[in-house]
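Chemist: Now for the letters of each chain:
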Amino acid sequence: KNEVEQSPQNLTAQEGEFITINCSYSVGISALHWLQQHPGGGIVSLFMLSSGKKKHGRLIATINIQEKHSSLHITASHPRDSAVYICAVKGNYGGSQGNLIFGKGTKLSVKP
Amino acid sequence: NAGVTQTPKFQVLKTGQSMTLQCAQDMNHEYMSWYRQDPGMGLRLIHYSVGAGITDQGEVPNGYNVSRSTTEDFPLRLLSAAPSQTSVYFCASSYSMGRQGGQETQYFGPGTRLLVL
Chain A
1 KNEVEQSPQN LTAQEGEFIT INCSYSVGIS ALHWLQQHPG GGIVSLFMLS SGKKKHGRLI
61 ATINIQEKHS SLHITASHPR DSAVYICAVK GNYGGSQGNL IFGKGTKLSV KP
Chain B
1 NAGVTQTPKF QVLKTGQSMT LQCAQDMNHE YMSWYRQDPG MGLRLIHYSV GAGITDQGEV
61 PNGYNVSRST TEDFPLRLLS AAPSQTSVYF CASSYSMGRQ GGQETQYFGP GTRLLVL
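For the record, the sequence lines run as chains A and B.
The first sequence begins at 1 in the numbering used here and counts up by one.
The second sequence begins at 1 in the numbering used here and counts up by one.
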């Protein structure tokens, strides 16, 4: 049973499109992270949020704690946004408290 | 700041060989962790440390050892490599996993690609 589920697994978009990636989780959390993994393999932290909404440039992340759901939006997508986007949650239960649980990632390809 | 560094970038081992994957950070971070990334799976935690001298097991610790003698370094040792350990290994660090306000932002190393034959 996956504690963190992302959808879609793969996403192809045309340059300029508005993109949404979803993350659902089944455990109690204290924080949720969105990460970006470049085609070369490097992983970069985009957002960490525990409530509401955060915005950085063309990226917007939202979280609904009651519904156990988060979304990552990309406005005016560009080919350089092509990457794997990973959702990870920080559990607030049991022995794993403090460590991150990762989704499998969403592979985004933006065509020019 | 160099951030989080990992060496080597790529390694080929034979079954039964041992090796150490190096990880270092220069940000004075308390929390360091090792993950493995396999196709079709999310990153999985191998071992982690909340400070010098303190380590603990993650989700998939078997076949791996760690130590944390200094704040900066967190090496991962493969005692007797097996083909099942073929993977990409990432080291990550953050100020803490217990504090709020952005101090839990994760910084990842560039990864080590390991092939065990």
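Derived by calculation from the structure, the hints in this document are not laboratory data.
Just so you know, these numbers come straight off a predicted model, no measurement behind them.
Warning: the hint list may mix true and false statements.
[Claimed, not checked] Capping the alpha-carbon separation at 30 Å, the derived lysine-lysine pairs in BS3-like fashion look like this:
#	chain 1	residue 1	chain 2	residue 2
1	A	107	A	55
2	B	9	A	55
3	A	54	B	14
4	B	14	A	111
5	A	53	A	68
6	A	54	A	107
7	A	104	A	54
8	A	53	A	107
9	A	55	A	104
[As the list claims (entries may be wrong)] Chain B is faced by these chain A residues, among others (derived, beta-carbon under 10 Å):
#	residue
10	4
11	7
12	44
13	100
14	101
Positions of the beta carbon are idealized from the N, C-alpha and C atoms, including for glycine.
Chemist: Taking 30 Å as the top limit, are the C-alpha atoms of residue 107 of chain A and residue 55 of chain A close enough?
Modeler: 21 Å, holds
Chemist: If you draw a straight line from the CA of residue 55 of chain A to the CA of residue 104 of chain A, is it 30 Å or shorter?
Modeler: 23 Å, holds
Chemist: Hint validation: residue 44 of chain A versus chain B, beta carbon distance must be below 10 Å. Holds or violated?
Modeler: Interface hint status for residue 44 of chain A: holds (7 Å vs cutoff 10 Å).
Chemist: May I ask you to test the interface hint for residue 4 of chain A with respect to chain B, counting a Cβ-Cβ separation under 10 Å as satisfied?
Modeler: OK, holds: residue 4 of chain A within 10 Å of chain B, min 7 Å.
Chemist: Could you grab the alpha-carbon distance between residue 104 of chain A and residue 54 of chain A and see if it respects the 30 Å cut-off?
Modeler: Distance of about 22 Å is within 30 Å: holds.
Chemist: Tell me if the straight-line CA distance from residue 14 of chain B to residue 111 of chain A falls inside 30 Å.
Modeler: 41 Å, violated
Chemist: Hey, residue 9 of chain B versus residue 55 of chain A, does the alpha-carbon distance stay inside 30 Å?
Modeler: The hint is violated at about 33 Å.
Chemist: Checking hints one by one. Is residue 101 of chain A an interface residue toward chain B, by the C-beta closer than 10 Å rule?
Modeler: Constraint on residue 101 of chain A satisfied, holds at 8 Å.
Chemist: Holds or violated: are the alpha carbons of residue 53 of chain A and residue 68 of chain A at most 30 Å from each other?
Modeler: Given that 30 Å is the threshold and the Cα spacing comes to 14 Å, the pair holds.
Chemist: Once the shortest beta carbon distance from residue 7 of chain A to chain B is found, is it less than 10 Å?
Modeler: Violated, about 14 Å.
Chemist: Tell me if the straight-line CA distance from residue 54 of chain A to residue 14 of chain B falls inside 30 Å.
Modeler: With a Cα-Cα distance of about 47 Å, the restraint between residue 54 of chain A and residue 14 of chain B is violated, given a limit of 30 Å.
Chemist: Under the criterion that the straight-line Cα-Cα distance not exceed 30 Å, is the pair residue 53 of chain A, residue 107 of chain A satisfied?
Modeler: Given that 30 Å is the threshold and the Cα spacing comes to 23 Å, the pair holds.
Hints 2, 3, 4 and 11 from the list above are not met by this structure, while the remaining hints are.
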